[in-house]
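Chains A and B, in that order, are what the protein sequence lines are.
Quick note: to get my numbering, add 13 to the position in the first sequence (first position is 1).
Quick note: to get my numbering, add 13 to the position in the second sequence (first position is 1).
Any given hint could be a false lead.
To be verified - Lysine-lysine pairs mimicking DSSO-like chemistry, simulated, CA-CA at most 27 Å apart:
no.	chain 1	residue 1	chain 2	residue 2
1	B	K61	A	K40
2	B	K45	B	K55
3	A	K51	B	K55
4	A	K45	B	K61
5	A	K61	B	K45
6	B	K51	A	K45
What the hints assert, rightly or not - Derived CB-CB ranges, DEER-like:
no.	chain 1	residue 1	chain 2	residue 2	range
7	B	A19	A	L130	46 to 54 Å
8	B	A19	A	M26	44 to 52 Å
9	B	P157	A	T90	39 to 47 Å
Note that these hints are calculated values from the structure, not bench results.
As the structure is a prediction and not an experimental result, all values here were calculated from the model.
C-beta atoms are modelled at their ideal positions from N, C-alpha and C, and glycine is treated no differently.
What follows is each chain in one-letter form.
2 protein chains.
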Amino acid sequence: MWVPLAINAVMSMVAYHVCVRLIPGMKENFIKAGMAGKDLNKPPEEKKLIPEGLGAVCGCVFLMVMFLFIPIPSFITMATLDNQFVHLLCALLSICCMILLGFSDDVLDLRWRHKLLLPTMASLPLLTVYFASGGLTSVLLPWPFRSEARQIIELSVLYYLYMALLAVFCTNAINILAGINGVEVGQSVVIATCIIVHNLIELAGTNWQQHLFSLYIMLPFLAVSMALLYHNWYPSEVFVGDTYCYFAGMTFAVVAILGHFSKTLLLFFIPQIINFIYSTPQLFHLLPCPRHRLPRYDNKTRLLNMSYASYNPTTVHPVVMTTLRLLHRLGLVRIEVITNGVEEERMNNLTVINLVIKLIGPVSEPVLTSLMITIQVTCSILAFTIRYWIAGFFY
Amino acid sequence: MWVPLAINAVMSMVAYHVCVRLIPGMKENFIKAGMAGKDLNKPPEEKKLIPEGLGAVCGCVFLMVMFLFIPIPSFITMATLDNQFVHLLCALLSICCMILLGFSDDVLDLRWRHKLLLPTMASLPLLTVYFASGGLTSVLLPWPFRSEARQIIELSVLYYLYMALLAVFCTNAINILAGINGVEVGQSVVIATCIIVHNLIELAGTNWQQHLFSLYIMLPFLAVSMALLYHNWYPSEVFVGDTYCYFAGMTFAVVAILGHFSKTLLLFFIPQIINFIYSTPQLFHLLPCPRHRLPRYDNKTRLLNMSYASYNPTTVHPVVMTTLRLLHRLGLVRIEVITNGVEEERMNNLTVINLVIKLIGPVSEPVLTSLMITIQVTCSILAFTIRYWIAGFFY
Numbered sequence: 014m015w016v017p018l019a020i021n022a023v024m025s026m027v028a029y030h031v032c033v034r035l036i037p038g039m040k041e042n043f044i045k046a047g048m049a050g051k052d053l054n055k056p057p058e059e060k061k062l063i064p065e066g067l068g069a070v071c072g073c074v075f076l077m078v079m080f081l082f083i084p085i086p087s088f089i090t091m092a093t094l095d096n097q098f099v100h101l102l103c104a105l106l107s108i109c110c111m112i113l114l115g116f117s118d119d120v121l122d123l124r125w126r127h128k129l130l131l132p133t134m135a136s137l138p139l140l141t142v143y144f145a146s147g148g149l150t151s152v153l154l155p156w157p158f159r160s161e162a163r164q165i166i167e168l169s170v171l172y173y174l175y176m177a178l179l180a181v182f183c184t185n186a187i188n189i190l191a192g193i194n195g196v197e198v199g200q201s202v203v204i205a206t207c208i209i210v211h212n213l214i215e216l217a218g219t220n221w222q223q224h225l226f227s228l229y230i231m232l233p234f235l236a237v238s239m240a241l242l243y244h245n246w247y248p249s250e251v252f253v254g255d256t257y258c259y260f261a262g263m264t265f266a267v268v269a270i271l272g273h274f275s276k277t278l279l280l281f282f283i284p285q286i287i288n289f290i291y292s293t294p295q296l297f298h299l300l301p302c303p304r305h306r307l308p309r310y311d312n313k314t315r316l317l318n319m320s321y322a323s324y325n326p327t328t329v330h331p332v333v334m335t336t337l338r339l340l341h342r343l344g345l346v347r348i349e350v351i352t353n354g355v356e357e358e359r360m361n362n363l364t365v366i367n368l369v370i371k372l373i374g375p376v377s378e379p380v381l382t383s384l385m386i387t388i389q390v391t392c393s394i395l396a397f398t399i400r401y402w403i404a405g406f407f408y
Numbered sequence: 014m015w016v017p018l019a020i021n022a023v024m025s026m027v028a029y030h031v032c033v034r035l036i037p038g039m040k041e042n043f044i045k046a047g048m049a050g051k052d053l054n055k056p057p058e059e060k061k062l063i064p065e066g067l068g069a070v071c072g073c074v075f076l077m078v079m080f081l082f083i084p085i086p087s088f089i090t091m092a093t094l095d096n097q098f099v100h101l102l103c104a105l106l107s108i109c110c111m112i113l114l115g116f117s118d119d120v121l122d123l124r125w126r127h128k129l130l131l132p133t134m135a136s137l138p139l140l141t142v143y144f145a146s147g148g149l150t151s152v153l154l155p156w157p158f159r160s161e162a163r164q165i166i167e168l169s170v171l172y173y174l175y176m177a178l179l180a181v182f183c184t185n186a187i188n189i190l191a192g193i194n195g196v197e198v199g200q201s202v203v204i205a206t207c208i209i210v211h212n213l214i215e216l217a218g219t220n221w222q223q224h225l226f227s228l229y230i231m232l233p234f235l236a237v238s239m240a241l242l243y244h245n246w247y248p249s250e251v252f253v254g255d256t257y258c259y260f261a262g263m264t265f266a267v268v269a270i271l272g273h274f275s276k277t278l279l280l281f282f283i284p285q286i287i288n289f290i291y292s293t294p295q296l297f298h299l300l301p302c303p304r305h306r307l308p309r310y311d312n313k314t315r316l317l318n319m320s321y322a323s324y325n326p327t328t329v330h331p332v333v334m335t336t337l338r339l340l341h342r343l344g345l346v347r348i349e350v351i352t353n354g355v356e357e358e359r360m361n362n363l364t365v366i367n368l369v370i371k372l373i374g375p376v377s378e379p380v381l382t383s384l385m386i387t388i389q390v391t392c393s394i395l396a397f398t399i400r401y402w403i404a405g406f407f408y
């Protein structure tokens, strides 16, 4: 068990160094291809062109490391086409497909329906392998709902639907908690670290093989992510693009599904879940959703402020309007009446990043990113508490 | 056996129609992303912007059809994680990886060393699966070399090297026989058809499972290629890009390696092999190699002429120079002395397309493409003759 894991760890370290060197080398290619943008959160004199979508470089290095690694466990154990090998192939297929989709999205600006359709497609091989390897679709009931006769509940098809939705959720959840230097990769690094810690703890358990499988994938992923973070941290030299967000999301979904710890994964996604729920009115276009919802940079104070979206309150559905006003009273949304003659109001864009600014006031970008990462770490500690302490009372 | 194959055929037909409709719909996205170029072989008044790299759309439709298909054979036979399923996963992983590489190349203009390194990497999972499924590495000797004691030769590691090189060769061979409307997809459609015919013949043989596996992949591939050809035929509305060439080449390599008919595949690649050998002096930079080697359009006659590369004969290696002059005498290369004071000569760019123009004179683009396709078909008939008639005398 330890030999392939040690080899994997060494390969991951090599991947980190390759990636750290390769990213600056590829910057020119991205800028030449027109894959570049200005950093909106910088003072005018520092607004240079930043290459966008460098997650693709990470993704390719990750795939290469994995391609070089997959023969090794089979070679050591001399097993022919064992389950773990098939799981690795299938995981890489789903991940590779998502990198392709993410990169296409960065280049071609795909539509929303593609963004929902394609992760579902990419998760199909995963579900097939889950099915073909006799995957469990039953869930243990927590004690308040459990009886002598009924300890588990069989979800069958619903469980597959749940897994497909998990893949779609993970790929998009990281993408919508974004917009300030280092926050996409930062949160992914925290989540990856949590998964690795969880896997290492569970290596001592009965399902150690599933967690070993997860480690094989998460270690190289963490390595290339750290390399990207090195270049993406404030002030960013490169942007990560949708490529990285999809790559990261699918990698998490894949290891959780094939490693059978999807509920634990969702615990590590608490900030993303809150952000998703908070964002729903804009995501489902119940309220206007501008293309970018990142905070607004104030040239005078050099701090980040909330960004706003304006709407006509009479055209918004009354239920949405009531909820919004309730959130306003609770201090979770700021609503302002626009006083320029027309009957319009504006609210802060519904992202957790804006919510943090609402609660603590204007703040500089590196402080805001650090704060977001701190929130992610705090929620992770909460997640471990729930998983290893509170869950014990129910299961 | 026939049920999954029939389902695959129906899905391929659907894929054709989806692809035919999707390609024009995606044109705008490609042009907006700056992935577009002018068609150099058209009169000035017809030189509009043509989107480049639409092979990516084909590739994605292909992947989706395959993702929807892979559960089906397992579902019908109720087999759990059988060899064929693993082979399909692994084939798709290599193909998906090449589509990603091809698309990156179209967007980012990768270097030559990446173009050789990455297909080698992408073929690694393939070789691992070949190894893990107890792949044969011995070759039957033809009768002049055979004796009672020695009927087969064991190639072991050399056979894996051969397979990796096959993948690199196939992915690049189609890419270098390119440059006129429809020729990349046209040759791929002919090769795909030949493989399908070969597979259908061999379905009656003992290795029918390997050929069934190949059909599962080749039918959807042929469908999306036909759809692309529909839009890429003269006058092209879209260009296929490196994406398509890599996608096609890897698909051929994958089915041939896992289907154990790599020697037969090479017979279908006769024009590409000749083109590769003819091109070597330029490909390996023994002679200057301009970025584009496609024929030159003559605005007056509206016909295609040979394109030339100029060089200084004193700086070229004497062996190369002697070979070139010999080819010139044989009528296979045109060498002209440039009479502008400097000591320079020029030769036609070493591609089979230029060679055809050398032999028959200036010609219009649709006629030239049709001629190239005719050559491909003629060579295919030769290939089938060798495979099913002449080979019988030796094996």
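Quick rundown of the hints versus the structure:
Our distance criterion of 27 Å between C-alpha atoms is broken by B/K61 and A/K40, whose separation comes to about 30 Å. For the given pair, B/K45 sits about 22 Å from B/K55 by alpha-carbon distance, which is consistent with the 27 Å threshold. Of the supplied pair hints, the one linking A/K51 and B/K55 is violated, its CA atoms being roughly 38 Å apart against a limit of 27 Å. Of the pairs offered as hints, the one joining A/K45 and B/K61 holds, with about 22 Å between alpha carbons and a cut-off of 27 Å not exceeded.
Proposed proximity of A/K61 and B/K45 is supported: the alpha carbons are some 22 Å apart, at most 27 Å. This hinted pair checks out: B/K51 and A/K45 have alpha carbons roughly 18 Å apart, not beyond 27 Å. Checked against the given bound of 46 to 54 Å, the beta carbons of B/A19 and A/L130, roughly 26 Å apart, lie outside it. Judged by the Cβ atoms, the range 44 to 52 Å given for B/A19 and A/M26 holds: they are separated by roughly 50 Å.
Between B/P157 and A/T90 the beta carbon distance is about 43 Å. The supplied range of 39 to 47 Å therefore holds.
Violated hints for the displayed structure, listed by number in ascending order: 1, 3, 7.
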